[in-house]
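Produce the entire structure from the sequences given, and follow the hints as far as they go.
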Amino acid sequence: MGAPYEEPHFIFGNLKGVGIYDHDGQLTERFYRKHKNKGPFVGVYFFLSPVVIPTDLEFVKSILVKDFNYFHDRGIYFNEKDDPLSAHLFTLPGLRWKRLRTKITPAFTSGKMKLMFPIVVEVAQRLEDKISKVAEVGAVMDVKAVMARFTMDSIGTCAFGLASNTLQDESSEFFRVGMSVFDNPRHGTWFLFLLIAFRELAVDYSAGFETSSTTLQFCFYELACNPDIQERTRSHILEVLEAHGGELTYEAMVDMKYLDQVICETLRHYPPAGNHFREVTQDYKVPGTEFTLKKGTSVMVPVYAVHHDPEYYPDPLKFNPDNFADENVKARPFAAYMPFGEGPRICIGARFAMMQVKIGVIAGLRRYRYTVSTKTRQPLKLLSKIFLASVEGGIWLNVERIE
Numbered sequence: 002m003g004a005p006y007e008e009p010h011f012i013f014g015n016l017k018g019v020g021i022y023d024h025d026g027q028l029t030e031r032f033y034r035k036h037k038n039k040g041p042f043v044g045v046y047f048f049l050s051p052v053v054i055p056t057d058l059e060f061v062k063s064i065l066v067k068d069f070n071y072f073h074d075r076g077i078y079f080n081e082k083d084d085p086l087s088a089h090l091f092t093l094p095g096l097r098w099k100r101l102r103t104k105i106t107p108a109f110t111s112g113k114m115k116l117m118f119p120i121v122v123e124v125a126q127r128l129e130d131k132i133s134k135v136a137e138v139g140a141v142m143d144v145k146a147v148m149a150r151f152t153m154d155s156i157g158t159c160a161f162g163l164a165s166n167t168l169q170d171e172s173s174e175f176f177r178v179g180m181s182v183f184d185n186p187r188h189g190t191w192f193l194f195l196l197i198a199f200r201e202l203a204v205d206y207s208a209g210f211e212t213s214s215t216t217l218q219f220c221f222y223e224l225a226c227n228p229d230i231q232e233r234t235r236s237h238i239l240e241v242l243e244a245h246g247g248e249l250t251y252e253a254m255v256d257m258k259y260l261d262q263v264i265c266e267t268l269r270h271y272p273p274a275g276n277h278f279r280e281v282t283q284d285y286k287v288p289g290t291e292f293t294l295k296k297g298t299s300v301m302v303p304v305y306a307v308h309h310d311p312e313y314y315p316d317p318l319k320f321n322p323d324n325f326a327d328e329n330v331k332a333r334p335f336a337a338y339m340p341f342g343e344g345p346r347i348c349i350g351a352r353f354a355m356m357q358v359k360i361g362v363i364a365g366l367r368r369y370r371y372t373v374s375t376k377t378r379q380p381l382k383l384l385s386k387i388f389l390a391s392v393e394g395g396i397w398l399n400v401e402r403i404e
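The numbers in the sequence shown follow my numbering, run straight up by one, and end at 404.
Just so you know, the hints here were simulated from the structure itself, not pulled from any lab data. Warning: the hint list may mix true and false statements.
Stated by the list, open to error - Straight-line alpha carbon distances no greater than 20 Å define the calculated DMTMM-like cross-link-like pairs of lysine to aspartate or glutamate that follow:
#1 K37 to E59
#2 K296 to D74
#3 K319 to E232
#4 K99 to D68
#5 K115 to D256
#6 K115 to E248
Unchecked claim - If you anchor each label on the Cβ, the simulated ranges turn out as follows:
#7 V255 to R333: 18 to 24 Å
#8 P5 to E312: 18 to 24 Å
#9 P5 to E81: 36 to 42 Å
#10 D323 to A140: 30 to 36 Å
#11 K35 to L318: 16 to 22 Å
#12 V141 to S111: 36 to 42 Å
#13 K296 to E232: 53 to 59 Å
What you are looking at is a predicted structure, and each value in this text was computed from that prediction instead of being measured. Just so it is clear, CB atoms sit at the ideal spot from N, CA and C, and this is done for glycine as well.
Following this line, the structure appears as structure tokens:
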């Protein structure tokens with residue numbers, strides 16, 4: 002192809018470290034940093050397959066939005082015959098994806114969010130009860146487990162009408178099997194098969210569950226590490242609630258702008274997926290170059306790398322919600338922040354995920370203070386063998402009730 006590329010190993014290509022030492026987002030970050038400003042992309046090899054990693058945000062914009070018709074597929078394998086649930090919104094190509102997206106989009110409108118809001122708030126009350134019990138006995142909180150129960154209960158109720166009550170039932174079989182889908186996908190297949198009648202929603206359940214619980218986990222961790230930000234966020238929540246008569250309404254949640262900044266900074270720091278996948282669906286000449294990407298070439302948009310680029314985020318390893326103050330957001334180029342993707346294939350459940358995370362933080366923070374337990378391994382290390390961001394050893398926090 003005559004493009005800039007990383008010299009590959011003759012068998013493994015450029016996969017050294019991935020799945021062993023590095024999360025996939027950290028792997029592409031190395032290539033991104035090394036080749037940024039040398040051209041719009043760098044070519045690498047995953048085993049014998051060529052992969053394009055864009056290093057220029059204008060090219061990212063072309064891939065995700067401007068020239069979407071050349072990149073509308075993800076190139077992710079699915080097999081409807083042997084695995085009926087594999088053909089879902091995330092994996093389907095072309096026209097089939099478009100038809101399905103059109104079919105289920107009405108489930109995620111602003112009106113539907115308002116209808117689901119009180120359901121999630123009701124589940125959040127049980128989350129508060131759960132945290133209260135942890136604080137009463139002076140135990141440390143396994144944040145992933147608690148937040149996974151919250152997201153499982155709220156998504157289960159909203160999407161499937163299932164009152165799973167995993168927050169109240171410690172021995173819940175529903176929770177145990179649901180977690181097995183993500184902790185060990187090979188052993189959780191039969192559980193997903195039970196959702197066959199909800200094929201269109203199954204991927205949104207899985208993506209929403211894991212994305213929301215992971216974001217909540219990292220958000221509470223950063224608030225525990227940054228007590229000044231924690232206090233500012235809590236004060237902001239209480240001030241907005243007071244302005245709305247002390248009641249958590251949909252309008253009150255929307256007014257919590259600083260909380261939005263905290264959650265956006267969490268998603269910047271810890272994007273659920275380190276890369277967004279695309280496949281070239283017809284030969285494509287890269288704008289401003291002589292390079293042509295051949296049909297079938299894989300593309301990995303390096304989300305983690307862009308989110309940690311000091312050109313867009315000064316001191317990118319620092320947790321700083323002011324990165325998402327209005328003036329800073331306006332100063333950044335398109336695609337400098339893309340935790341849910343961009344363009345026509347942006348995550349359809351992003352609005353619900355944000356609502357759920359905001360309600361979870363409000364419920365967990367307004368009456369409780371958090372510090373990091375010595376049980377948490379620091380610095381955090383992302384598990385290398387799991388696609389979505391997850392932490393080795395988990396995150397454990399001390400919880401204190403605020404009188």
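We went through each hint and held it up to the structure:
1. For the hint pairing K37 with E59, the CA-to-CA distance comes to about 12 Å; that is within 20 Å, so the pair holds.
2. For the hint linking K296 to D74, the alpha-carbon distance of about 11 Å falls within 20 Å, and the restraint holds.
3. With a CA separation close to 17 Å, the supplied pair K319 and E232 stays within the 20 Å bound.
4. Proposed proximity of K99 and D68 is supported: the alpha carbons are some 16 Å apart, at most 20 Å.
5. As the CA atoms of K115 and D256 are separated by approximately 14 Å, the hinted pair is consistent with the 20 Å bound.
6. For the given pair, K115 sits about 15 Å from E248 by alpha-carbon distance, which is consistent with the 20 Å threshold.
7. Between V255 and R333 the beta carbons are some 23 Å apart, a value that agrees with the proposed interval 18 to 24 Å.
8. Taking 18 to 24 Å as the suggested C-beta distance range, the pair P5 and E312 conforms, at roughly 19 Å.
9. Distance hint check for P5 and E81: the Cβ-Cβ separation is about 38 Å, which falls inside the suggested range of 36 to 42 Å.
10. Evaluation of the 30 to 36 Å hint for D323 and A140 yields a pass: the beta carbon distance comes to about 34 Å.
11. Checked against the given bound of 16 to 22 Å, the beta carbons of K35 and L318, roughly 19 Å apart, stay inside it.
12. At about 38 Å, the beta-carbon gap between V141 and S111 stays in the expected band of 36 to 42 Å.
13. Under the hint 53 to 59 Å, the C-beta atoms of K296 and E232, about 54 Å apart, fit the expected range.
No hint from the list above goes unmet by this structure.
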